[in-house]
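> Here are the chains, one letter per residue:
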Amino acid sequence: AQSVSQHNHHVILSEAASLELGCNYSYGGTVNLFWYVQYPGQHLQLLLKYFSGDPLVKGIKGFEAEFIKSKFSFNLRKPSVQWSDTAEYFCAVNAGGGFKTIFGAGTRLFVKA
Amino acid sequence: GAVVSQHPSRVICKSGTSVKIECRSLDFQATTMFWYRQFPKQSLMLMATSNEGSKATYEQGVEKDKFLINHASLTLSTLTVTSAHPEDSSFYICSARQTENTEAFFGQGTRLTVV
Chain X
1 AQSVSQHNHH VILSEAASLE LGCNYSYGGT VNLFWYVQYP GQHLQLLLKY FSGDPLVKGI
61 KGFEAEFIKS KFSFNLRKPS VQWSDTAEYF CAVNAGGGFK TIFGAGTRLF VKA
Chain C
1 GAVVSQHPSR VICKSGTSVK IECRSLDFQA TTMFWYRQFP KQSLMLMATS NEGSKATYEQ
61 GVEKDKFLIN HASLTLSTLT VTSAHPEDSS FYICSARQTE NTEAFFGQGT RLTVV
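Residue numbers (the working numbering), protein chains in the order written: chain X, 1 to 113; chain C, 1 to 115.
Because the hints were derived from the structure by calculation, they are not lab data. Backbone N, C-alpha and C fix where the C-beta goes; we use that ideal spot for every residue, glycine too. Errors might be hidden in some of the hints.
To be verified - Residues on chain X that point at chain C, a partial pick, calculated with CB under 7 angstroms:
#1 40
#2 43
#3 46
#4 99
#5 100
#6 101
#7 106
Just chain X, with the same shape it has in the complex (with noise of 0.2 angstroms):
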């Protein structure tokens, strides 16, 4: 069965900073991949998608993951988080036997004004 694993449950930063979240998967075929976020009191958004092509995909608000098959990762990246990315980020996995939607634990971020 599939599963998604992320690594960081609470990341704090400050203004500024750079972030990277990481997301494994575990599944062997095709896979589709995608970055949900989710604002206090908000519902699900999605940040990124990967289906093919370049693996190295750019979302909203400055977002960009990358996809490396060989390490069965697509990390989340940013290169200077701003105190309204604080939120809680999913990974999730779309794969296998009905395409199910398999989400990770979640990580919170918080960045410090």
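Start from chain X and add chain C according to the hints.
Chain C only, in chain X's frame:
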């Protein structure tokens, strides 16, 4: 992006009663809808996958007789929590997608409180 609407956003019910939550895709036809449950400070746990016109596929450990899912049309799926108990109190989220290779869009969630 596409819009998925969930109703109600909050519901309080008495223990032993049933509650129905609706999930609608407003501007696309959703062949598949997913129901998730999110406990406080935890991730989304997939409860079941429903394809239009067929029975839902439940994840291991989810009681199908307790969480009834109906996906009667390409724009509507419902989750009914039957004989609700306080431990069923949670945040329930639906998502919908058009095909296997498209992203899923999420509803705003339903906060269920069983008293």
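> Each of the hints needs a verdict: does it hold here or not?
Status of the hints after comparison with the structure:
no.	hint	in the structure
1	40	violated, 12 angstroms
2	43	holds, 4 angstroms
3	46	holds, 6 angstroms
4	99	holds, 4 angstroms
5	100	holds, 5 angstroms
6	101	holds, 5 angstroms
7	106	holds, 5 angstroms
Going through the hint list in order, the structure does not satisfy hint 1, though it satisfies all others.
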